[in-house]
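Given the sequences, and given the hints that come with them, work out the whole structure.
So the protein sequences, as listed, match chains A and B.
Under our numbering, read the first sequence as residues 1 to 478, first letter to last.
Under our numbering, read the second sequence as residues 1001 to 1478, first letter to last.
Derived from the structure by calculation, the hints contain no laboratory data.
Some hints could be false.
Examples of chain A residues lying across from chain B (beta carbon under 10 Å, computed) [what the hints assert, rightly or not]:
1. ARG43
2. PRO44
3. ASN68
4. MET73
5. GLU93
6. TYR137
7. VAL141
8. LYS148
9. SER327
10. PHE335
Keeping only pairs whose Cα atoms sit at most 20 Å apart, straight-line, the calculated DMTMM-like set for lysine to aspartate or glutamate is [as the list claims (entries may be wrong)]:
11. A:LYS59 - B:GLU1319
12. B:LYS1135 - A:ASP328
13. B:LYS1027 - A:ASP132
14. A:LYS37 - B:ASP1107
15. B:LYS1323 - A:ASP132
16. A:LYS37 - B:GLU1077
17. A:LYS135 - B:ASP1107
18. A:LYS37 - B:ASP1102
19. B:LYS1135 - A:GLU32
20. A:LYS88 - B:ASP1102
21. B:LYS1088 - A:ASP102
22. A:LYS313 - A:ASP357
Not close to chain B: a few residues of chain A, all C-beta gaps over 12 Å, as computed [claimed, not checked]:
23. ASP16
24. ILE56
25. LEU57
26. LYS253
27. ALA299
28. GLU319
29. PHE320
30. GLY332
31. MET340
32. ALA386
As the structure is a prediction and not an experimental result, all values here were calculated from the model.
Glycine is no exception: its CB is placed at the ideal position from the N, C-alpha and C atoms.
Protein chains: 2
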Amino acid sequence: MAEKKLVEDITSMEEDFAKWYTDIVKKAELIEYTSVKGCMVIRPYGYAIWENIQRILDKRFKETGHENVCMPMFIPESLLQKEKDHVKGFAPEVAWVTRGGDEVLEDRLCVRPTSEVLFCEHYANIVHSYRDLPKLYNQWVSVVRWEKTTRPFLRSREFLWQEGHTIHATADEAIEETEKMLGVYADFCEKSLAMPVIKGKKTESDKFAGAEATYAIEALMHDGKALQAGTSHYFGDGFARAFDIMYTNKENKKVYPYQSSWGVTTRLIGAIIMTHGDDNGLVLPPAVAPIQAVIIPIAMHKEGVLEKCRELKTLLEGEFRVKLDDSDNSAGWKFAEYEMKGVPVRIELGPKDIEADQCVTVTRHNREKELVPLSNIVESVRSKLAAVQNGLFEKALKNREKRSYKCGTTDEINSVLAEKGDGFIKAMWCGDEKCEDEVKEKTGVGSRCIITEENPVGNSCVCCGKPAKHLVVWAKAY
Amino acid sequence: MAEKKLVEDITSMEEDFAKWYTDIVKKAELIEYTSVKGCMVIRPYGYAIWENIQRILDKRFKETGHENVCMPMFIPESLLQKEKDHVKGFAPEVAWVTRGGDEVLEDRLCVRPTSEVLFCEHYANIVHSYRDLPKLYNQWVSVVRWEKTTRPFLRSREFLWQEGHTIHATADEAIEETEKMLGVYADFCEKSLAMPVIKGKKTESDKFAGAEATYAIEALMHDGKALQAGTSHYFGDGFARAFDIMYTNKENKKVYPYQSSWGVTTRLIGAIIMTHGDDNGLVLPPAVAPIQAVIIPIAMHKEGVLEKCRELKTLLEGEFRVKLDDSDNSAGWKFAEYEMKGVPVRIELGPKDIEADQCVTVTRHNREKELVPLSNIVESVRSKLAAVQNGLFEKALKNREKRSYKCGTTDEINSVLAEKGDGFIKAMWCGDEKCEDEVKEKTGVGSRCIITEENPVGNSCVCCGKPAKHLVVWAKAY
Chain A
1 MAEKKLVEDI TSMEEDFAKW YTDIVKKAEL IEYTSVKGCM VIRPYGYAIW ENIQRILDKR
61 FKETGHENVC MPMFIPESLL QKEKDHVKGF APEVAWVTRG GDEVLEDRLC VRPTSEVLFC
121 EHYANIVHSY RDLPKLYNQW VSVVRWEKTT RPFLRSREFL WQEGHTIHAT ADEAIEETEK
181 MLGVYADFCE KSLAMPVIKG KKTESDKFAG AEATYAIEAL MHDGKALQAG TSHYFGDGFA
241 RAFDIMYTNK ENKKVYPYQS SWGVTTRLIG AIIMTHGDDN GLVLPPAVAP IQAVIIPIAM
301 HKEGVLEKCR ELKTLLEGEF RVKLDDSDNS AGWKFAEYEM KGVPVRIELG PKDIEADQCV
361 TVTRHNREKE LVPLSNIVES VRSKLAAVQN GLFEKALKNR EKRSYKCGTT DEINSVLAEK
421 GDGFIKAMWC GDEKCEDEVK EKTGVGSRCI ITEENPVGNS CVCCGKPAKH LVVWAKAY
Chain B
1001 MAEKKLVEDI TSMEEDFAKW YTDIVKKAEL IEYTSVKGCM VIRPYGYAIW ENIQRILDKR
1061 FKETGHENVC MPMFIPESLL QKEKDHVKGF APEVAWVTRG GDEVLEDRLC VRPTSEVLFC
1121 EHYANIVHSY RDLPKLYNQW VSVVRWEKTT RPFLRSREFL WQEGHTIHAT ADEAIEETEK
1181 MLGVYADFCE KSLAMPVIKG KKTESDKFAG AEATYAIEAL MHDGKALQAG TSHYFGDGFA
1241 RAFDIMYTNK ENKKVYPYQS SWGVTTRLIG AIIMTHGDDN GLVLPPAVAP IQAVIIPIAM
1301 HKEGVLEKCR ELKTLLEGEF RVKLDDSDNS AGWKFAEYEM KGVPVRIELG PKDIEADQCV
1361 TVTRHNREKE LVPLSNIVES VRSKLAAVQN GLFEKALKNR EKRSYKCGTT DEINSVLAEK
1421 GDGFIKAMWC GDEKCEDEVK EKTGVGSRCI ITEENPVGNS CVCCGKPAKH LVVWAKAY
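And the structure:
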């Protein structure tokens, strides 16, 4: 812990959290800005995190019976308009293609902000009998939403995501799917991203345009703000009716099927930064870190050092994602570089270590240093990575618990926020949208989701005092 | 060979090749049309082929030192215009976004038809010193080109591809990269897609807009037409000059770097269909087949059959992509279905087989039937898949050799085409664009690429008779 701060040019979290965030995304080489406002280049190190997220999630989607497809990126305006709530929600924020080559388009095309209507059109073509159900589809693509204010990963005009779209014979099956995929997301965030999340249901005012119900996972960032990390929607048969999707059931009757959709985005990378990062830069959970261990030669010019480092790399790379940095930068520069990049384990190896048949390991998140016998390095790295993964989760969970408060009135909310700073506020709600708005107005926190938990704070609405229906988590949010 | 034709509703190749092709893409459930002209849904079975292509190529790209990134899908018109040949080539065929939300865009955005200018803008930001070179980048995305006539996989307004973009300190390095990646493509097509290709250089009139040289691989389809299966471009320092990308070299001088780009697309799926398919449907090379072996229970209701099939599946799925079809369709229906879908090996297992501790295997491409002892099934499937992969390549190569002709005059070309049908014509060329155009006009075949091969047909231009400079492969093309 006595090690001196190696990276000097990053703003501290305390000083300016927003600046700290953008310093990291730039200096850890996750993104670079472009001349297209609100769109970014995801650089190799950032994209490798996304590839790891994709690989793990895609496997889980396939294990739960889903298949990947690819829909067009364009939606004709006439198609978008078929489901009235959906178009109302999305039309104001889409990009319009009005010209193709030298042709002015009669039916202009929007660049997909989400693909429900394309899946619906397709389902209408291919779903005819109960034998055709369910269809459990997913796609990995980018979508466009014309946001006014943008921030890398958190809110951009184009972002990468996966969107699952499923169609089922019964409402029960579709609801089960909606909940199952929310569970997959929550488990993925906790196990792979080491990020604790709360599962809940969105209020009416906050649900997806066209959905009967929207479920979400919410995570708490370092600064006490909430981040919606994934959503799962149940559509009932509303889209099926709007798009005339019908199938013949076992009783030979034509009926409407039921649908769901669910998605997570590159926003998760922003969530990782703001959950685990510190004033020295990024801190990555081993499960998605592009480099899990970096080997840094000490006194590289000395005989035998580089050879031994290469041996070590060969030994480790069968099991881990390992990098040996044999560039001619100084060891100090390298320490700072891989701290900034959040590599979970650093291995230092110099002439003295070689003599003693050992190496030095440092774990990024707590800077614990250890001397490890070279004969034991594979096991040591394995257990360290597991410990880091757990350690990050425990640390984040502790932070969330510390910043979770129960409040009975809006005054209480205000005094908690003033005294302790932002966080998750658990408070009861009567279910009236007016109260929801009023809480936001009076305190600045909005409803994140309705949760089912032992009622902790009486039975009166935090706003109007009337009998409450729901326990709600409130917070300021990204 | 005596087995009767199981799929009755597909047009035969002889009768109508174009209809045969679209029958397959629809009936093998590779794609479905949408209401967006020229854009398609790639269905699970089609997308799984693409995922296999991606997996194999992505591994090869990474093994050759490339990293994945992701650029925006939009290009501001002002950025597109910076390299004059490039904009001239692409501007007429792009889709224009002119509106975002309620905002009319001052600098309209085109949906990327290719991303050279975005990579150049990025390189100008991040390349400053010789230490920053080379950058070996790739991205897997979709691009849009406003084609007038479209056909699934072969020519569509949106298509999936990968685009490699690299930047190097020297021209030699960039040329080496351009050639190396052409080699990777050729090797991939031959080894994984079982599709023989010719490597060559495009003539001036046919090169990529903005390139100094374009190299391509050309394959011959069943109907004797050529298909360009991949391209690799050398840019010299032309883009670097247009985008003001400079780096400080080891001698501390500011100089321009050199670039390349290279790509293959979902067109490869069309190439697979037209190289290996037959009148019973798709025939897939095992390396990219979503299902390598399908198990079909015979007399499924009989005791023990399904259990044994499941055992067999468990046995095989550790090593192969296997499907057991235990649906209640008839065995005959299933035979036809998986023939249509081009599954390389079919395994039939019924009560009599179980009694004799054996199963029946049929290989799709030659319909060879064999009785295989169950104890030997893993080895048998392994060697059959290898044999199919080789067999497909040999068959395709034989077809190409049979349809390759050497001609000394345009009259000879015409009589060969009339007598033997379409194919690759090898003929000499003086290098004059007028002759290139005239050959096309007189015979219908265009130059596909310049190859370096022992001169087979004298030293006079096939058109003007003057001294020739190049041996060219000519063909009608997709």
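Hint by hint, here is what the structure shows:
With a least beta-carbon distance of about 6 Å to chain B, the hint placing ARG43 (chain A) at the interface is held under the 10 Å criterion. Nearest Cβ of chain B to the Cβ of PRO44 (chain A): about 4 Å, under the 10 Å cut. The hint holds. Interface hint at ASN68 (chain A): satisfied, since its Cβ lies 5 Å from the closest Cβ of chain B, which is below the 10 Å cut-off. Because the beta carbon of MET73 (chain A) sits about 6 Å from the nearest beta carbon in chain B, less than 10 Å, this interface hint is met.
Restraint check, GLU93 (chain A) versus chain B: the minimum CB separation of about 5 Å is within 10 Å; hint holds. About 7 Å separates the beta-carbon of TYR137 (chain A) from the nearest beta-carbon of chain B, less than 10 Å, and the hint is met. Against a cut-off of 10 Å between C-beta atoms, the interface hint on VAL141 (chain A) holds, since the closest Cβ of chain B lies about 8 Å away. At its closest, the beta carbon of LYS148 (chain A) sits 8 Å from a beta carbon of chain B; the interface hint therefore holds under the 10 Å criterion.
Interface hint status for SER327 (chain A): upheld, as the beta-carbon distance to the closest one in chain B is roughly 8 Å, under 10 Å. At a threshold of 10 Å, the smallest CB-CB gap from PHE335 (chain A) to chain B is about 19 Å, leaving the interface hint violated. The hinted pair formed by LYS59 (chain A) and GLU1319 (chain B) meets the criterion: a straight-line CA distance of about 17 Å does not exceed 20 Å. A distance of roughly 18 Å separates the Cα atoms of LYS1135 (chain B) and ASP328 (chain A); the hinted pair therefore holds under the 20 Å criterion.
The suggested pairing of LYS1027 (chain B) with ASP132 (chain A) holds, with an alpha-carbon distance near 15 Å, which does not exceed 20 Å. Our distance criterion of 20 Å between C-alpha atoms is met by LYS37 (chain A) and ASP1107 (chain B), whose separation comes to about 11 Å. About 18 Å separates the Cα atoms of LYS1323 (chain B) and ASP132 (chain A), which keeps this hinted pair within 20 Å; it holds. Only pairs whose Cα atoms come within 20 Å are accepted, and LYS37 (chain A) paired with GLU1077 (chain B) is accepted, the gap being roughly 13 Å.
Restraint check for LYS135 (chain A) and ASP1107 (chain B): not satisfied, since their Cα atoms lie roughly 41 Å apart, outside the 20 Å limit. Under the criterion of a C-alpha separation no larger than 20 Å, the hint pairing LYS37 (chain A) with ASP1102 (chain B) is consistent with the structure, at around 16 Å. Between LYS1135 (chain B) and GLU32 (chain A), the direct Cα distance comes to roughly 15 Å. Compliance with the 20 Å bound is thereby established for this hinted pair. Pair hint LYS88 (chain A) plus ASP1102 (chain B) holds up; C-alpha atoms about 14 Å apart against a cutoff of 20 Å.
Taking the CA atoms of LYS1088 (chain B) and ASP102 (chain A), the gap is about 14 Å. The hint holds against a cut of 20 Å. A distance of roughly 15 Å separates the Cα atoms of LYS313 (chain A) and ASP357 (chain A); the hinted pair therefore holds under the 20 Å criterion. For ASP16 (chain A), the non-interface assignment is confirmed: its Cβ lies about 24 Å from the closest Cβ of chain B, beyond the 12 Å cut-off. At roughly 16 Å, the least C-beta separation between ILE56 (chain A) and chain B is larger than 12 Å, which holds for a residue marked as non-interface.
No beta-carbon of chain B is positioned within 12 Å of the beta-carbon of LEU57 (chain A); the least distance is around 14 Å. No beta-carbon of chain B is positioned within 12 Å of the beta-carbon of LYS253 (chain A); the least distance is around 20 Å. Against chain B, the non-interface label of ALA299 (chain A) holds: every CB pair exceeds 12 Å, the least being about 21 Å. With a least CB separation of 18 Å from chain B, GLU319 (chain A) remains clear of the 12 Å interface cut-off, as annotated.
Listed as outside the interface, PHE320 (chain A) is consistent with that label: its C-beta sits roughly 16 Å from the nearest C-beta of chain B, beyond the 12 Å cut-off. At roughly 17 Å from the closest C-beta of chain B, the C-beta of GLY332 (chain A) stays outside 12 Å, upholding its exclusion from the interface. Every C-beta of chain B lies more than 12 Å from that of MET340 (chain A), the closest at about 16 Å, which supports listing it as non-interface. At the 12 Å boundary, the C-beta of ALA386 (chain A) stays outside the reach of chain B, the nearest C-beta of that chain being 26 Å off.
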